[in-house]
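Chains as they are written, first to last, in the UniProt record's numbering: chain B, 1 to 396; chain S, 1 to 366.
A portion of the hints provided could be inaccurate.
Chain B side only, calculated, beta carbon under 10 Å to chain S, not exhaustive [stated by the list, open to error]: (1) Val33; (2) Glu37; (3) Pro40; (4) Pro43; (5) Arg292; (6) Arg295; (7) Ala298; (8) Gly301; (9) Ala302; (10) Arg310; (11) Leu315.
Partial selection, computed: residues in chain S whose CB lies under 8 Å from chain B [claimed, not checked]: (12) Phe55; (13) Ser59; (14) Ala60; (15) Val80; (16) Val82; (17) Ser86; (18) Phe90; (19) His92; (20) Phe101; (21) Val105; (22) Arg106; (23) Tyr129; (24) Arg149; (25) Pro156; (26) Cys261.
These aren't lab readings, by the way, just hints derived from the structure by calculation. Note that this is a predicted model, so its numbers are computed, not measured. All residues carry an ideal CB built from backbone N, CA and C; glycine is no exception.
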Amino acid sequence: MRRASAALLTAPLLLFLLVTFVAPIAAFLWRGVTDTEVAPVLPRTAAALSAWDGRALPDEAAFAALVEDLRAARARDRQAGGGSIARAAARLNADKPGFRGLLPMTARRVEAPFDGAARAVLITISEEWGEVETWGAIARAAGPLSSFHALTALDLRQDAAGAIRAAPEDQSVFRAVLLRSLWISLLVTAACLLLAWPIAWLIATTRGAAGILLLAAVMLPFWISLVVRTAAWMVLLQREGVVNAALAATGIVDAPLPLMMNRFAVVLAMVHILLPFMVLPLVAAFRALDPRLPRAAASLGAPPWRVFLRVTLPLCLPGIGAGCLLVFIQALGFYVTPALLGGPNDQMLAWFVGFYATRSVNWGLAAALSILLLVAVGLCVALYGRLAGFRRLGAA
Amino acid sequence: MADPLVRFEGVRKSYGAGPAAVQSLDLDIARGELLTLLGPSGSGKTTTLMMLAGFELPSAGRILLEGRDIARLPPHRRGVGVVFQSYALFPHMSVAENVAFPLSVRGVAKAAQADRVRRALAMVRLESYGERRPAQLSGGQQQRVALARALVFEPPIVLLDEPLGALDKALREEMQLEIRHLHQRLGVTMMYVTHDQAEALTLSDRIAVFEGGRIRQCADPRRLYDRPADAFVAGFVGENNLLPGRIEARDAESCEVRLACGPVVRAEAVDAGGPGEGCLVAIRPERVAVAGVTAAELGEGALPATVLEAIFLGDHVRLRLGLGDGGEVVAKRPAGLGALPEPGGAAAIAWPEGAAFAFRDAGARV
Numbered sequence: 001m002r003r004a005s006a007a008l009l010t011a012p013l014l015l016f017l018l019v020t021f022v023a024p025i026a027a028f029l030w031r032g033v034t035d036t037e038v039a040p041v042l043p044r045t046a047a048a049l050s051a052w053d054g055r056a057l058p059d060e061a062a063f064a065a066l067v068e069d070l071r072a073a074r075a076r077d078r079q080a081g082g083g084s085i086a087r088a089a090a091r092l093n094a095d096k097p098g099f100r101g102l103l104p105m106t107a108r109r110v111e112a113p114f115d116g117a118a119r120a121v122l123i124t125i126s127e128e129w130g131e132v133e134t135w136g137a138i139a140r141a142a143g144p145l146s147s148f149h150a151l152t153a154l155d156l157r158q159d160a161a162g163a164i165r166a167a168p169e170d171q172s173v174f175r176a177v178l179l180r181s182l183w184i185s186l187l188v189t190a191a192c193l194l195l196a197w198p199i200a201w202l203i204a205t206t207r208g209a210a211g212i213l214l215l216a217a218v219m220l221p222f223w224i225s226l227v228v229r230t231a232a233w234m235v236l237l238q239r240e241g242v243v244n245a246a247l248a249a250t251g252i253v254d255a256p257l258p259l260m261m262n263r264f265a266v267v268l269a270m271v272h273i274l275l276p277f278m279v280l281p282l283v284a285a286f287r288a289l290d291p292r293l294p295r296a297a298a299s300l301g302a303p304p305w306r307v308f309l310r311v312t313l314p315l316c317l318p319g320i321g322a323g324c325l326l327v328f329i330q331a332l333g334f335y336v337t338p339a340l341l342g343g344p345n346d347q348m349l350a351w352f353v354g355f356y357a358t359r360s361v362n363w364g365l366a367a368a369l370s371i372l373l374l375v376a377v378g379l380c381v382a383l384y385g386r387l388a389g390f391r392r393l394g395a396a
Numbered sequence: 001m002a003d004p005l006v007r008f009e010g011v012r013k014s015y016g017a018g019p020a021a022v023q024s025l026d027l028d029i030a031r032g033e034l035l036t037l038l039g040p041s042g043s044g045k046t047t048t049l050m051m052l053a054g055f056e057l058p059s060a061g062r063i064l065l066e067g068r069d070i071a072r073l074p075p076h077r078r079g080v081g082v083v084f085q086s087y088a089l090f091p092h093m094s095v096a097e098n099v100a101f102p103l104s105v106r107g108v109a110k111a112a113q114a115d116r117v118r119r120a121l122a123m124v125r126l127e128s129y130g131e132r133r134p135a136q137l138s139g140g141q142q143q144r145v146a147l148a149r150a151l152v153f154e155p156p157i158v159l160l161d162e163p164l165g166a167l168d169k170a171l172r173e174e175m176q177l178e179i180r181h182l183h184q185r186l187g188v189t190m191m192y193v194t195h196d197q198a199e200a201l202t203l204s205d206r207i208a209v210f211e212g213g214r215i216r217q218c219a220d221p222r223r224l225y226d227r228p229a230d231a232f233v234a235g236f237v238g239e240n241n242l243l244p245g246r247i248e249a250r251d252a253e254s255c256e257v258r259l260a261c262g263p264v265v266r267a268e269a270v271d272a273g274g275p276g277e278g279c280l281v282a283i284r285p286e287r288v289a290v291a292g293v294t295a296a297e298l299g300e301g302a303l304p305a306t307v308l309e310a311i312f313l314g315d316h317v318r319l320r321l322g323l324g325d326g327g328e329v330v331a332k333r334p335a336g337l338g339a340l341p342e343p344g345g346a347a348a349i350a351w352p353e354g355a356a357f358a359f360r361d362a363g364a365r366v
């Protein structure tokens, strides 16, 4: 009874989360595994290609279906003023460059009735209609489910016959971006751990007002927006910024140092922003550590470094794990800081999600990259659970 | 003491301003003995132990272990075993790993480690518990593991800091005997810190009574109980009636004291001043004889008293008696000695010669 009423009381929150958080994200991620732009425009072609094996050019029926589809779509577009052909062309262009021009041009050219086989006419319009991969792109985009975006996010391609192979070198970016994101997150996590350890120890062992003051100093950045803090780093690090001005004034450097638009600036600012997430779990772990245990270890003959390795460190491991997990997962999804402080080669996965979602309007790829990010985070959490166990995370 | 194992020489420990926690301590610990530091909290006994263990640096003085000054040596290079009040077992290690810890940091070979761990666990009757985690053991078992861990590397001395403080009474008494037997069997030197005088009496070869950062008296349990050196020891070790009074006359060994409540008594002048000075007269409750007769009938030196309260405790009756004008004496009377007047009735009390001691009043001493 009591449990039921408690569940009922949390229902508004669950509903709110479902409507504002779970449902939109699920709907967005769904786009990563579906294709919806092409099928409404080329329904007959999609149907004609559904049984095609992709080894040779499709038969005349498919060519005729395409002509019919394009005529119908063009008539619809003219009537409703929509750009459905352009949208389908953009999606196909993502698979096979050239489609952005090919599809509207073909639609224009086949509008007037013609005699003879559709196949010959289309190949006359453009030789590309005589290529298997042109038809493969349409088949792959026919939906409703599609592995195209997911494969693209992994730098993979599927050809018309269904074989999966690596994408051409000049189009392979996402594996490198994923590795870069993991590497930057790892760097930031390691730096946070090294920097947070002594301050957390100090906070945990300082009694009274001084300890609270120290903790407040660590918490202070929480009260300032992430964008403002990143902007402050820009003020500090830019060519004519505070640091360079100070260095020049003291005569340490002649020319301004390139402190911004590089990896260094990204890591520096991310460490600054994420440090509290490492300090707090460490403080909790150190406070929970029975001070008699290191003493006991010393009395049993262990020199300080052995006390650290065999007693202090293992007992603080849940706290260390919690802090690293918090920092690493947040770092993996960082967007603003690398965007503002990093160069082109310092952008992380989230930046590409933003790029495809807003600038190139390739929602499918943006969603697929988001899934990649989600899976990477999920794997990290699973790895942590495997190594340390979640019960110990709760203890920290 | 010839060739003591441990010698404190003029050791002093002070924290900033205020009185020193330990004031000029001189103490020898003989090989193989079990010495207890007994005192109330804040008396300096734990500070003394921590200085020997190496967790506190003395402000002055020397601490010699087997003739070598170790006062400045870090804890891990002293080779002294310590058993802490809260056991301080490593929660992330099994019982066997806990006991093996001092061996593994000393680089003892794995096979030898396993053998010695097995023997140490057998010693505290926990042979079959090696694979368990400390959290799966009871308090008494955990303390036995802590003992095994402190003994397994065969240190010259084991320090025990209120090791039984967290256990309930019955278990504490059982563990006291266990520690005593372990000490007798192994012949290892032990320094034991406690605030429980009964525990100190049970365990010790010698007891050093601490108060205010000083040793008040250091003696074997019987002597400490029978001939306390001052009013503090008399009051702290065992139960005592401490009656304030003023010395009227004294010779070398004894004195006559007029108690504040009226009567004049004879007492041994252990630590008393001259005539006219204030003092406390100490008489053990079990030495006070009570009878439902007049003082004259009981004998010479007997005093008239009033029964205020009688509590039956099975083996004895505990009596609270009014003495003179507002004085109060507690007496323990073996059960079955015959009837006594009801509370409010008159009685007589007396004690054997040599059972009363006169001490300087602690209030006048500070």
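Okay, the hints, checked on the actual structure:
1. Using the Cβ-Cβ criterion of 10 Å, the hint placing B/Val33 at the interface with chain S is not satisfied: the shortest such distance is roughly 44 Å.
2. Because the smallest distance between the Cβ of B/Glu37 and any Cβ of chain S comes to about 56 Å, over 10 Å, the interface hint for this residue is violated.
3. Because the closest C-beta pair between B/Pro40 and chain S is about 61 Å apart, greater than 10 Å, the hint is violated.
4. The interface hint given for B/Pro43 is broken, as the beta carbon of that residue sits about 64 Å from the closest beta carbon of chain S, more than 10 Å.
5. For the restraint placing B/Arg292 at the interface with chain S, the shortest Cβ-Cβ distance is roughly 4 Å, inside the 10 Å limit, so the hint holds.
6. The closest approach between the C-beta of B/Arg295 and any C-beta of chain S is roughly 6 Å, which is under the 10 Å cut-off, so the hint is satisfied.
7. A hinted interface residue such as B/Ala298 counts as satisfied when its beta carbon comes closer than 10 Å to some beta carbon of chain S; here the least separation is about 4 Å, so the hint holds.
8. The closest approach between the C-beta of B/Gly301 and any C-beta of chain S is roughly 5 Å, which is under the 10 Å cut-off, so the hint is satisfied.
9. A cut of 10 Å between beta carbons decides the hint on B/Ala302: the least distance to chain S is about 4 Å, and the hint holds.
10. Checking B/Arg310 against chain S by beta carbon gives a least distance of about 7 Å; that is within 10 Å, so the hint holds.
11. Nearest Cβ of chain S to the Cβ of B/Leu315: about 6 Å, under the 10 Å cut. The hint holds.
12. Checking S/Phe55 against chain B by beta carbon gives a least distance of about 6 Å; that is within 8 Å, so the hint holds.
13. The criterion of a C-beta within 8 Å of any C-beta in chain B is not met by S/Ser59, whose closest approach is roughly 20 Å, and the hint is violated.
14. Hint on S/Ala60 is violated. Least Cβ distance to chain B is approximately 23 Å, over the 8 Å limit.
15. Hint on S/Val80 holds. Least Cβ distance to chain B is approximately 7 Å, under the 8 Å limit.
16. Look at S/Val82: its Cβ gets to within about 4 Å of chain B, closer than 8 Å, so that hint holds up.
17. With 8 Å as the threshold, the beta carbon of S/Ser86 comes within range of chain B, its nearest partner Cβ sitting at about 6 Å, so the hint holds.
18. Here the hint on S/Phe90 is kept, as its CB sits about 6 Å from the closest CB of chain B, short of 8 Å.
19. With its C-beta approaching chain B no nearer than about 5 Å, S/His92 sits inside the 8 Å limit, and its interface hint holds.
20. With 8 Å as the threshold, the beta carbon of S/Phe101 comes within range of chain B, its nearest partner Cβ sitting at about 6 Å, so the hint holds.
21. Interface hint status for S/Val105: upheld, as the beta-carbon distance to the closest one in chain B is roughly 4 Å, under 8 Å.
22. A hinted interface residue such as S/Arg106 counts as satisfied when its beta carbon comes closer than 8 Å to some beta carbon of chain B; here the least separation is about 6 Å, so the hint holds.
23. The beta carbon of S/Tyr129 is not positioned within 8 Å of any beta carbon in chain B (closest approach about 19 Å), and the interface hint is therefore violated.
24. With its C-beta approaching chain B no nearer than about 7 Å, S/Arg149 sits inside the 8 Å limit, and its interface hint holds.
25. Violation of the interface hint for S/Pro156 is found here, the shortest Cβ-Cβ separation to chain B being roughly 13 Å, above the 8 Å cut-off.
26. With a cut of 8 Å, the hint placing S/Cys261 at the interface with chain B is violated, because the nearest CB-to-CB distance is about 49 Å.
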